[in-house]
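Novice: Using the hints, put the two chains back together into the complex; each one sits in its own frame.
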Amino acid sequence: MGDHHHGPAKGLSRWLFTTNHKDIGTMYLWFSFSMFILGGAFAMVIRAELFQPGMQLVNPAFFNQMTTLHGLVMVFGAIMPSFVGLANWMIPMMIGAPDMALPRMNNWSFWILPPAFLILASTLFMEGGAPNFGWTFYAPLSTTYAPPSVTYFIFSIHVLGLSSIMGSINIIATVMNMRAPGMTYMKMPLFVWTWLITAFLLVAVMPVLAGAVTMMLMDIHFGTSFFSAAGGGDPVLFQHIFWFFGHPEVYIIILPAFGVVSQIIPTFSRKPLFGYDSMVYATAAIAFLSFIVWAHHMYTVGMPVAGELFFMYATMLIAVPTGVKVFNWVTTMWRGAMTFETPMLFCMGFLVLFTIGGFTGLMLSIAPADFQYHDSYFVVAHFHYVMVAGAVFSMSAAVYYWLPKWCGRMYNETMGKTHFWISFVGFNITFFPQHFVGLAGMPRRIPDYALQFADFNMMSSIGAFIYGASQILFLYNVIATIVAGKPTSEAKTWEGAEGLEWTVATPAPYHTFETPPQVR
Amino acid sequence: MLLKANRLRELALGPVLMLLSLASAGAAAAGDKVNQVNMAPGATEIGQSIYDLHMLIFWICVIIGALVFGVMFYSIYYHRKSRGVTPSTFHESTKVEIAWTVVPFLILIGMAVPATSTLLDIYDFDDAEMDVLITGYQWKWKYEYLDENGENVSFFSNLRTPQGEIYNTVEKGEHYLLEVDEPLVIPVDTKVRFLVTANDVIHSWWVPELAVKKDAIPGFINETWTKASVEGIYRGQCAELCGKDHGFMPVVVNVVSKDEYAGWLETKKAEAAEIRDLMAQTFTLDELMTRGKAVYERNCLACHGANGEGGVGTAIAGSAIATGDVSGHLEIGINGVPGSAMQAFGGQINDVEMAAVITYQRNAFGNNMGDLVQPIDVYNHKKG
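As given, the protein sequences belong to chains X and P, one line each in that order.
Numbering follows the working numbering, in which position 297 of the first sequence is assigned residue number 297; successive positions increment by one, without gaps.
Numbering follows the working numbering, in which position 72 of the second sequence is assigned residue number 72; successive positions increment by one, without gaps.
Just chain P, with the same shape it has in the complex (with noise of 0.2 Å):
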């Protein structure tokens, strides 16, 4: 309730904002980002040659549109019937055509150059220093480092806003819609080279303040990089429509020090090894319901609803599916319904995560089957 009543007053000033923001292009301090109204320099050398561009093609902008306007509201104000003047006939003048077509285009020339040269910036992908692999999915990004010794790490990032906050129910935190549970993390001073692809539909992975924005394209590859020289979290959206949750995919990219980087996927490398561990073991009822529970927020409930009531996924409580076979419903699980929203989760979990919403999904909302799925069943289905 606070938060609207500022956001009506801040709505007054308003028409004040708008003369202001043009005067005040540029001076949007980073970090407070509310009513930002100009494009941010960000935290890379890119970042800050496209975005001297952006203002240097401004300006230019508004000194043409102010000799323009300037010309036209004289004219209006002058040249008008009511204080009796009488109209000219002139209607032509080749030497003014002349000028006014060679004149932009010298501008022109004088906006291509800058361009170009950070275009050829851009597009220099030598000497990176690591490669990490991006994939669109509906409706969430998965992130791979590729090692030079074959020991990837890769997981999936999806959005952590909690459908309470979406659907109003609960106050919306500082981060809404812009929060994932696992963020992007790369060294800072260091080229990181991204290459971009997608599973399904087109998805384009933004980050206004690491200046990169790349197309991902189901079935081919796209190169870009960036190098941050900031510390901090950066965040940014799915660019291309590319669903229904299109505006719910966001991209978080957390800048730690180099050090810190290499601790973090020591980590990373040390679960992935413990997840290893885990497919091997048997867990109770109880343990995999915990963890189906969480696995089930993250990738089910968008489509089939907090209560497995359904919504663009069929419904799961009562579900032939869900009461049925385990196997029928692990095939489902892990290979998806082609040609239908439905993905083929078995890449995109491990095989405890499966295991555990398999269960979950058998044992909530009602469907009370009893059994359960142990991470050696989803190994073995995988094999066949």
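Just chain X, same shape as in the assembly (with noise of 0.2 Å):
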């Protein structure tokens, strides 16, 4: 057992075969950013489709497999796979573990993601083309309506739902047996314990929407009818169940966001991170909560209204521990001593548009209003405020933060800068008109639209064309860093970090916490 200190493999066999979990983050945030552009690309043409009322680019049939897959992508190939990269680099460092409890498992979590979403985008080829029944799938559209493809897009969700359970199981086992000594629950870092909640989460639901694919799958192939009326089923069925999956899915997609967004604002602000306990009994509070408001969803299905007064509730309270946690990022901000470096711009930008998106979702619980709501622009807008600016923004804000420690090499900060300011305003460019076209009746979904809707649609697609270009940059930056960036031997990157990670040698070696540490 000499070679004990041993590097990485050489050549492809390194990236097929390893177990290392920063090889394995590496691969996973590679390839969730490729997913970005992709999901991006459909967006782009989303928008040019829309920037003027008639059809130009392309025919309607087309246009829903866009909206379609831009939403499977980036929900499933984005954001999902870049948070289980970030989890995979980070949670071993941060909790001195040496890597990922089950590192097998680990390998075969990211390898079995890219043929899933190589199945899902040859579907776009197809006699029929791709899934066009939105990322939601409701049945009937889905079902007896759907083009012959979906059976493929049924096999890539079985298969990318099975990488998020191993994952999900790896990110419990580490966090549960792989901490340093002293290490304890309370002492760990916010970061660990949303990811530790979200893998919870993401244990409970993905088996739920694998059940809803199967009955799906059942019911187009195999003459049963869960989801027809006419043979004793019931469309709206699908929607509960779907939804049972489909809201704690976007607390799995935004709780590793607070828990970045809980690492570095307390670094810029040089002080430590206000009401940590309470920080941690709100993810719980929120994961909770997320299990019981579904159908806020499905307001127009015709509950009855006794349901529709609990989930109303239900979904209400949500913004309690949600406040909570703004709050204590604006306390953390509150006397400390800050600067402005890219990551913690981000984090900024996360914490405005994230309680905006927020807000918006406070207005859409409350059910009398949502029926005017209810699918409609508004709603696009405020899931971008909460997907975009929360997740994906937490994310480049974490890939600024830790890059110097990935690779020993920094990145150019005027670039980040120009980047975050560029993303910023396209984004807000982009999003903030679709409140207004949805307040005055634009439908979510449609490739054309009524004229008094023209000149907010045309601006939303200009902000689009700025935020997807602000992206290339992002790529470039990050790549320029990787190549060329001026190179950085400091452990400790940040003036004001706090955290294990920051205790290895920078760039992290290829193994790290061989022995564990000792946490006081």
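FYI, nobody ran anything at the bench for these hints, they're computed from the structure.
Incorrect hints may have been included.
Unchecked claim - Derived pair list, reagent style BS3-like, types lysine-lysine, alpha-carbon separation capped at 25 Å: (1) P:K95 to X:K187; (2) P:K268 to P:K191; (3) X:K187 to X:K492; (4) P:K382 to P:K269; (5) X:K417 to P:K81; (6) P:K142 to P:K382; (7) P:K258 to P:K191; (8) X:K486 to X:K417; (9) X:K492 to P:K81.
Claimed, not checked - Chain X stretches covered by chain P per the calculated footprint, using a threshold of three residues with CB under 8 Å from any CB of chain P: (10) 46-56; (11) 262-273; (12) 452-458.
Even for Gly, the Cβ is constructed at its ideal location relative to N, Cα and C.
Specialist: Quick look at the structure:
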């Protein structure tokens, strides 16, 4: 066993067979970024078609394929894997573990992802086209009336669900078993906490999604009628099952983002996180509530009034723990000594825009008002404020924050700040006007619209092109850093940074914490 | 071109508009819907109370936002390292944590009270004065006025915007995509109960200014209602993704005086009687072709193309069906092709229309079959 300190294998086999959490984390991050570009390209097609009233570039059938694939690729291909990649890189380094608890499974949970998305993307070239029923794939549009490619879509969902479940089991096992001596639960960095809770959510709801698509498969090919009233089933049953998965899914996406922000704001405020304990409890409370609010996505399906009231009250309650988090972040900044490097800028952007998304979420929770908002562009604006300005901004912050630790080189700060400002401005030009057209009555998922919505849609499209272009700058900055960034060997990149990941050498060696550190 | 220049000029005003919009929320004048930035209170009491609720929550959010962002920006400005401050080390306060858990909770209760009362009002279906059954089809609406004496009046409401406007070959009209061949007509100041369902996939019937949005679910019937207090034409759209032409199935509701409504209903009943008479008539080829062209454009064109060249649907020009046996052609027109987008039109258009459109398809687009299909043939085919 003389070569205990071996480095990575050479060539392609390093990546194919690796069980190293850093290699797997890197692959997850690059994969998710490539999916982000692909999903972004779909979004550009959507916004280009919506630039002016009338059909110009694509036909309505293809437009529906674009909205469907944009949603699926962004949720399952870009955002979720990006946070799994971050978890792979950071959790072992944050809790003083040498690697993930189940390294071989780790390799599998990554390597089944690219084939799953290859299958999904290949549906674009199939007879009848790609899935065209929206990322929420409501039956019977997704069963009786679906294109033949729906079967490939179902298979792809199964595979990526499998990947998520394996990834989250790994995270739970790692956090529970591999913490360094002295690293008690209530000393864990918040990013680890939010991911632990997220992993439990994933294990709980991904099988529900698998159940939903399996029932679809049965309805399509084996003559069952789960979602068809003609055979004694119920199309609304599909929505209940889907959103029982779908609402926790929203928090699966945003909780790790909360974790990232809770790491970065204290660093650049040079002050400990305010209310650590309440942050942990608030995260747990949000996770619990996420299981009992699903039907707020379905206020207009014709539920009994008692059901509407229950789901409305439960949904409104989410504002309390979410509010606690925002107040804690702002208080962390209060009387700190702040600087505004790129990661902090993205966190500030997150804080402002996510809070706006939270406000519109509160508005949407009010059932009678939701009868007007539901399925309008107001909803589109709302969830992009939490998904993009929430999850994607925090992910950008995380990359800038830990990139020097990962590769031992410093990114270009000016370019980073430029990336932030273009993103921030582009994002708001894109999505702020969507509140207006939604309130004025523009439904979502339409390829063409009435003339009264023309100006705001054109504005939205211009913003989208700006936002899209800013991501090319991001890509360039990251590659330029890795290839030719200014080398740095400081263990602690940021003056105010705390945590075990900043005690290891920079760049982080291939193996870290082979002997566990002692945490006091 | 003029339209385009106008829009570009207005676009330059975009950022200004965005700033103004928060201040002027709610000031959007009825009638002038261009660049409307807020929900319209609309023409019903429920719409007004939803609007009030919406504005209440909006202003509460604005105030909380101003406080939170105010503290944040104060902090960003005064507590920055470049001002030479030394950071404090405080990191917890149970009192503060309890305060900002309890206070938001109380605010939420304040929101829940009016929300609950509005919701209960919406769910009060009692005392409806008339019932209309609304059925969503891919991609049109069917309205059926349920009559106590069984004399139901029913018709389909199709998009009226010509393909040329959609595909940019002619100038777009004022009500582009929000116009139908036959609107739903209801009387003013009358509580109208809508029974909403669908024939194929899920649709959602939405008219913002009547404050009604209800999902139309195949196999189930949902209830909702409206009571418009102002006469006028109200426009909406299908709100639930329902396939290819989801964006092309508008809802238009014409709210008229009670007298006018009664007159309209009589006319509709007379029309239905007239169609019953027409069923017994024999038409010439020219008559059938003229009627058939209109029916084709309303019902077939979206999938089979303006010249029968096909698209989502198969081509009709030179097709084996349109140039083959008449009864095979009738069978597909009446009963559709199960499991495909070709619907059973037998229940959607009357026998005169069916006879006309089948004749049209057999004699247009270069299909010179020369045979005529009469309403009685359709009737006989349906009887088997």
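Novice: Assess, step by step, whether the Cα of K417 (chain X) is no farther than 25 Å from the Cα of K81 (chain P), and give holds or violated.
Specialist: holds, 18 Å
Novice: Does K382 (chain P) sit within 25 Å of K142 (chain P), going by the straight-line distance between their CA atoms?
Specialist: With Cα atoms ~21 Å apart, K142 (chain P) and K382 (chain P) stay inside 25 Å; holds.
Novice: Is the straight-line distance between the alpha-carbon of K382 (chain P) and that of K269 (chain P) 25 Å or less?
Specialist: Holds, because 24 Å separates the two Cα atoms, which is no more than 25 Å.
Novice: Given the hint that K95 (chain P) pairs with K187 (chain X), test it: the Cα-Cα distance must not exceed 25 Å.
Specialist: Holds - the C-alpha atoms of K187 (chain X) and K95 (chain P) are around 22 Å apart, at most 25 Å.
Novice: Three residues minimum, CB to CB under 8 Å: does the stretch 452-458 of chain X make the cut for coverage by chain P? Let me know.
Specialist: holds (count 5)
Novice: Under the criterion that the straight-line Cα-Cα distance not exceed 25 Å, is the pair K486 (chain X), K417 (chain X) satisfied?
Specialist: holds, 17 Å
Novice: Assess, step by step, whether the Cα of K268 (chain P) is no farther than 25 Å from the Cα of K191 (chain P), and give holds or violated.
Specialist: holds, 21 Å
Novice: So if I understand the rule, the pair passes when the alpha-carbon distance is 25 Å or less; does K187 (chain X) with K492 (chain X) pass?
Specialist: Given pair K187 (chain X), K492 (chain X) holds - Cα atoms ~20 Å apart, limit 25 Å.
Novice: Could you grab the alpha-carbon distance between K258 (chain P) and K191 (chain P) and see if it respects the 25 Å cut-off?
Specialist: holds, 12 Å
Novice: Do three or more residues from the stretch 262-273 of chain X put their C-beta atoms closer than 8 Å to C-beta atoms of chain P?
Specialist: holds (count 5)
Novice: Within 25 Å, alpha carbon to alpha carbon, are K492 (chain X) and K81 (chain P)?
Specialist: Given pair K492 (chain X), K81 (chain P) holds - Cα atoms ~18 Å apart, limit 25 Å.
Novice: State whether the coverage of the stretch 46-56 of chain X by chain P holds or is violated, taking the criterion as 3 or more residues with Cβ-Cβ distances under 8 Å.
Specialist: With 4 residues close enough to chain P, the hint holds.
Going down the numbered hints, you'll see the structure goes against none, and every one checks out.
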